[in-house]
Structure formats: C-alpha cells, structure tokens
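Q: Given the sequences, and given the hints that come with them, work out the whole structure.
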Amino acid sequence: MNIDQNKLKWIYKKLFTIRFFEEKIKKIAKEKLVPGYLHTCIGSEAICVGVMSALNEDDWISSTYRNHGHAIAKNCELKEITSEIFGRKTGICKGKGGSMHISDFNKGMLGSFGIVAAGPPVVLGAALQEKINKGSKNSVTFFGDGAIHNGAFHEAAGLAKLWDIPMLFVCENNGYAEATATDWHLNTKNLSDISRAYNMISYRGDGNNVFEVREITQNALNESIKKNTPIFLEFKNYRFSGQYEGDTQLYQPLEEINEAKKTDPIKIAIEKANDYKLSSIEINNFKKQALDEVEEAFKFAETQPWPEPEDSLNDVYVNYPKNLILKV
Amino acid sequence: MTILTVKEAINQALVESFTNDKNVILMGEDIAGGKGREQYQGTQDAWGGPFGVTQGLLTKFGPERVRDTTIAEAGFFGAAVGAAMTGLRPIVELMYVDFAGVCFDQLMNQAAKMRYMFGGKQNVPMVVRTVVGAGFRAGSEHSQTLYSLYTHIPGLKVVAPYDAIDAKGLLLSSIIDNDPVIFMEHKRLYMSKCEVPENLKPIPLGKGRIRKKGKDITIVAIQRMNLFAEEAANILVDEGVECEIIDPRTYSPLDEALLYESVKKTGKVIIIDESNPKCSLASEISSLISENCFSDLKAPILKLTAPHTPVPFSPPMEDFYIPSTKKIIKSIKTILKY
Ligand SMILES: Cc1ncc(C[n+]2csc(CCOP(=O)(O)OP(=O)(O)O)c2C)c(N)n1
Ligand SMILES: [Mg+2]
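Order-wise, the sequence lines are chains A and B. Sequential numbering of the first sequence, starting at 1, is according to the working numbering. Sequential numbering of the second sequence, starting at 1, is according to the working numbering.
Worth flagging that the hints you see were computed from the coordinates, not collected in a lab. There could be a bad hint or two in this list.
What the hints assert, rightly or not - Straight line, CA to CA, 30 Å or less: simulated DSBU-like cross-link-like pairs of lysine-lysine:
no., chain 1, residue 1, chain 2, residue 2
1, B, K193, B, K113
2, A, K32, B, K326
3, B, K327, A, K322
4, A, K299, A, K322
5, B, K298, A, K27
6, B, K333, A, K322
7, B, K207, B, K193
8, A, K322, B, K265
9, B, K265, B, K187
To be verified - Per the computed footprint, the stretches of chain A lying under chain B, defined by three or more beta-carbons under 8 Å from a beta-carbon of chain B, are:
no., stretch
10, 34-46
11, 308-316
Fair warning: this is a prediction, and the values are worked out from it, not measured in the lab. Just so it is clear, CB atoms sit at the ideal spot from N, CA and C, and this is done for glycine as well.
A: Here it is in structure tokens:
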C-alpha cells in the first residue's frame with residue numbers, strides 16, 4: 001500500500017511517542033511520583049496508530065481507562081495529557097479525570113471510560129447523529145477482549161446492525177482482561193465470530209503490524225460507508241503492561257512474554273521501515289524527536305500548578321445554582 | 001486475640017463461612033486469575049480480586065465453589081439470585097460499587113423483590129461484596145460510595161463495617177442471613193488493623209456501635225468517617241468537649257433507637273458522610289432524628305458531606321471533596337455555640 005510521506009512520518013513518530021511515553025509513566029509510577037491508577041498500553045501502539053492513521057482528525061472515537069495511546073494517536077496535546085496524569089490544573093480534563101479518563105472532545109474523543117464496555121453505545125449514538133444529520137465523520141469505538149462479555153457491547157452491536165449505522169467496533173484482543181487470560185474467559189476462538197450473531201461483517205488482523213491495522217481499518221471504513229453497515233474488527237496483540245502499574249503480573253508466564261517480544265509492534269515497525277524506504281538514520285531521528293517531546297511534556301507537567309480545591313465545584317452542570325453544589 | 005487488618009478479617013470470615021456451610025459459593029472477576037482453562041492451574045490464585053481479599057480461597061475450596069467470572073455482572077448477579085432461591089448461599093463481588101449500574105436491575109428488581117412479589121414463599125440469601133470510597137485518587141468512576149442507592153430499596157440489607165472486628169462479625173452474619181445483603185468494604189480501610197477475638201461470633205445486623213462515649217454532642221459517622229470523627233473528638237477533648245461517636249454499621253436495618261438514645265443525652269448532632277448530599281444517608285438520619293427527637297434537640301442537626309459533584313481525581317480537589325477532621329471540628333464548634 002502506498003502511504004504519503006507525511007503520514008508515514010506521523011505513523012513512526014506516534015509509535016515511538018506512545019512507547020516512550022508509557023515507559024516514562026512506568027518509571028515514575030515506580031517512584032510513586034503520580035497519584036492514582038495508571039493503565040499503560042505497551043503492546044497496543046500499532047493498533048492505536050494504525051486505526052487512527054486511517055481516520056480524519058475530527059472523527060469520533062471512544063476509549064477506555066487504557067487510553068494514553070489512543071489519546072496520543074488522536075493528536076491530543078501531549079503536555080496536556082501529561083499534566084492531567086499529574087493532576088494539574090492545565091491537564092486535558094483540568095485535573096478532574098486523571099489517567100483513567102484522558103480525553104479531549106475537541107479532538108473527536110467522546111470519552112475514556114472506566115466502566116468496561118461503556119464506549120460502544122456512546123459511539124453508536126455519535127454515529128446515529130452523523131447519519132441523521134448526514135454528517136461525514138467516522139465513528140470508532142475501542143474496547144478489549146474482556147468487554148466482549150458485557151451487555152452494553154452486545155446491545156450496541158445489535159442496534160448498530162439493525163439501524164444500518166456505519167461505524168467500527170474495534171476490539172483489541174491483548175490476551176488478558178485484568179488477571180484473566182482470554183483462553184480462560186472465552187470459549188469462542190475468534191472474537192470476531194461474535195459479531196456474526198448480529199449478521200455483522202467482521203475482519204481480523206495482526207495488531208502488531210501497524211500497516212496491516214491501517215489497511216484493514218481503511219478498507220473497513222470504506223466498506224462500512226458504502227454498505228451502510230457497522231463492521232467489527234479484531235486485532236490480536238499482547239499486553240506487555242500489567243493491568244495497572246504495580247500489578248505483579250505473576251499470571252503472565254515468562255515464556256509467553258518472551259515469545260510475544262518477538263512480535264513487539266515497535267520492533268515490527270522498525271523492520272518494515274525498509275519496505276517504505278526509510279533509512280535507519282530517519283528512524284533514529286523519529287525516535288529522538290519522540291523522546292524529546294515526551295521529556296518536554298513531563299518537564300512541563302511537573303511544574304504546572306495544582307487546581308484550587310474549589311475548582312472541583314465547576315463543570316457539574318451547564319446551568320445550576322452554585323450554592324446548591326457546595327454543601328459542606 | 002490477634003491483630004488483623006480489615007482485609008484479613010474479611011478473608012477469615014469467608015474461609016469460616018465456606019467451612020461451615022458447603023452451600024456457600026463465591027463468584028467474581030479475577031478472584032483467581034490465570035491462564036489455561038484446560039489444565040486449570042498455572043498461576044491460579046494470582047490476584048484474589050484487585051485488593052487481594054479473596055486470595056487463597058480457590059486453593060482451599062476449589063473451582064467449583066470459587067468461580068472466576070467474565071465481565072458480565074448482570075449475568076452472574078442474576079445467577080446468584082437463582083442459586084440463592086434454590087439452595088446455595090452465593091457471595092458475589094461487584095469489584096467497585098461504581099459498576100452498580102451495569103447489573104443494578106438484578107439487585108433492585110430481582111433480588112430485592114423476589115420474596116415480596118411472589119407471596120413470601122422464597123428467600124434470596126445472597127451477599128454482594130463491593131468496594132466503596134474516595135481518597136484513593138481513583139477518579140469519578142472508581143471512588144463513589146452510593147450507600148443510599150441500596151438503602152433506598154425495600155428488600156435489600158446494607159452493611160458497611162469500619163474496623164476489622166465489625167468486618168468479620170458482620171460478614172459472618174451477612175452470609176448466614178436469609179435476605180440479600182449488600183456488604184460494602186471501604187478501599188481506604190482494608191489495611192487498617194485492630195484486635196479481633198479468636199472465636200468472634202457473628203455480629204447481628206441492625207445494631208449500631210458506640211465507638212466513643214460522650215455527653216456534649218453526638219457524631220454519627222458513616223464508615224471511614226469514623227476515623228476522622230475520632231481524630232476530631234480526641235482533639236476536642238483538650239478543649240473540654242466530650243463527643244459521643246456512633247457508627248450505625250448497618251444502614252438497612254438502621255439502629256434508630258441507639259441514635260435517639262444518644263441525642264436524648266446530648267441534644268446536639270452532626271452526621272458525617274463522604275457521599276453526595278442529596279437524598280443521602282446523612283439526610284435520612286437527619287430527618288429521622290428531627291422527627292423523633294424534636295424536643296431533645298438544642299441545636300439544628302448538621303450534616304457534613306461531600307459536595308454535590310462527582311469525585312474529582314486531582315489530590316487537592318479530592319481532599320476538598322472528602323469531609324476532613326478540620327471541617328468536622330469547625331462544624332462541631334458551630335453547633336456547640338447553641
Ligand atoms: C463493568 C465493569 N466491570 C469490571 C470492571 C473492572 N475491570 C477494569 S478493566 C477490566 C478488564 C478489561 O479487559 P479488556 O476488555 O480485555 O481490556 P484491556 O484492559 O485488556 O485493554 C475489568 C474487569 C470495570 N471497569 N467495569
Ligand atoms: Mg484485554
């Protein structure tokens with residue numbers, strides 16, 4: 001597949017940015033420099049970047065508590081993401097959300113949800129709006145293998161198909177739902193088979209190959225619009241990160257992790273650079289740029305002011321008597 | 001006497017209940033965790049839930065009675081209702097109370113109404129163990145308490161222990177109780193310790209506990225707020241104020257008599273609850289006291305709660321959200337002026 005040079009650069013730069021960002025998060029989590037739960041996405045880079053590279057800047061997506069990669073690939077401001085994780089006033093959600101809820105509506109993110117499978121119905125709604133208003137934005141919901149079991153996913157899938165809503169259900173099958181392996185929690189071999197119950201078209205792909213993810217997504221978007229139908233995509237990868245930072249990961253066998261390292265999405269992308277006529281010098285340049293950007297974002301975040309306690313009283317409603325919010 | 005954390009106390013109550021009654025089973029997400037459905041081994045018992053509370057149970061009692069579930073709360077909560085009606089005593093886990101919404105129907109409409117709606121012929125002896133509470137920097141969807149959501153519903157019992165003794169004794173009772181019980185564990189209390197007698201008997205549901213005797217003011221403290229109430233009371237001792245601290249421990253049924261007795265003595269009440277204020281436990285308790293102790297009251301009843309906002313993530317905002325010792329002292333001083 002031909003890729004425009006700028007897009008190609010964007011893809012590599014984003015892959016590296018996500019990886020370096022998450023590695024940095026892991027490091028500061030160990031040093032207990034940031035509050036709260038942190039769910040990193042090492043191993044998800046190709047899915048985040050591959051799907052987003054096929055989308056327009058203002059298309060709609062939903063994410064989960066494991067959202068850093070999605071937000072970065074959706075072009076959210078890295079400094080604002082970092083500042084949010086640090087709980088600072090200039091964070092992307094003004095410090096109200098934290099790592100689990102990194103999301104910028106102005107970049108097409110409808111939300112990053114802490115409740116498993118909360119995203120699919122919300123994205124269905126956005127896609128419905130596009131259909132009714134004859135809009136042109138694409139709608140994509142990201143969720144995991146574990147979310148497959150939740151009613152909200154099934155209800156959204158059924159409605160999307162029934163109403164002929166063009167949208168993509170993107171399932172990242174990373175082998176685990178918290179401490180529970182996919183082969184422990186699911187009898188269906190291919191997750192994409194599940195959508196067949198709704199007569200929904202589905203495709204599977206290698207979630208470690210950013211170019212394959214991109215191509216499958218592009219084709220699916222075209223088909224979904226042409227046929228006026230939702231499509232389910234399953235991308236298989238491996239969750240190198242624990243469920244959260246601090247998870248001992250004892251349930252992930254060492255041999256399995258080592259095996260998965262052979263198909264690390266970053267490694268694969270570097271191997272493929274040749275196919276796209278990128279030299280190792282260029283690759284190293286992307287790495288350097290990404291690393292610099294990450295370092296800069298963390299430096300920025302660390303020095304940002306904390307929110308005022310009373311800032312917590314804003315944004316509950318559009319319109320509501322303020323004196324009825326504060327009750328202490 | 002041994003010193004136990006709340007977490008250990010809960011684990012002990014589970015082990016004892018499993019041992020005493022073979023009909024007790026446990027269902028929840030990531031209780032065991034692991035890999036390899038075929039061999040069913042591997043790294044089982046890896047987690048014991050996100051806080052490790054149920055660790056060891058799978059090894060002790062086996063996969064038939066200790067069941068890892070999928071992320072299908074409506075499914076296994078409903079299953080608990082049916083299993084309870086037909087002879088088991090299921091304990092089901094709602095990993096965080098914030099996930100209530102995805103399976104609320106099974107509790108609100110099925111578990112709670114089974115007995116009443118079908119003429120009192122069947123019981124639903126199930127326990128929902130769930131994790132509540134702010135102060136963990138866990139953001140808006142992992143920090144709520146939602147006590148009043150359950151307390152509101154006829155047919156459900158609601159229990160929320162503060163220390164290890166109550167955690168163990170009340171869980172033992174909840175499991176042998178013949179009604180559906182919501183057992184709320186506060187994530188910031190899991191590691192707090194106290195002495196627990198070896199052969200602790202079940203503590204009856206519906207009995208509050210006076211945690212500190214005093215004559216000047218009644219502090220009704222909801223779950224973790226007992227910690228701050230005690231701090232405040234200790235500070236106020238130096239100023240000659242004797243606070244009486246009451247932990248209702250179970251919100252449905254509520255030990256109203258214990259509250260009224262205390263108010264009769266002190267005439268002044270403050271209620272501390274980290275939940276949102278509207279239609280809350282605090283407002284319920286306040287209204288009960290004003291109705292039943294009107295002539296004993298020497299000051300308006302004061303409620304100290306979180307503001308009417310979701311739980312914010314950032315530490316300065318979350319600390320502002322949760323009632324603090326400082327705010328408690330200030331509020332008590334306001335009432336004492338009457
Ligand atoms: C309704 C609900 N139930 C349980 C949880 C707790 N929980 C958080 S993440 C998770 C596992 C999700 O696994 P998966 O969908 O595969 O996503 P991944 O973390 O692998 O990206 C669970 C059970 C939750 N957040 N929401
Ligand atoms: Mg997963």
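Q: None of the hints should be skipped; say for each whether it holds.
A: Status of the hints after comparison with the structure:
1. B/K193 to B/K113: 37 Å, violated
2. A/K32 to B/K326: 27 Å, holds
3. B/K327 to A/K322: 20 Å, holds
4. A/K299 to A/K322: 35 Å, violated
5. B/K298 to A/K27: Not satisfied, since the Cα-Cα distance of roughly 56 Å exceeds 30 Å.
6. B/K333 to A/K322: 26 Å, holds
7. B/K207 to B/K193: With a Cα-Cα distance of about 22 Å, the restraint between B/K207 and B/K193 holds, given a limit of 30 Å.
8. A/K322 to B/K265: At roughly 37 Å apart (the allowed maximum being 30 Å), B/K265 and A/K322 break the hint.
9. B/K265 to B/K187: 34 Å, violated
10. 34-46: Check passed, 3 qualifying residues.
11. 308-316: holds (count 7)
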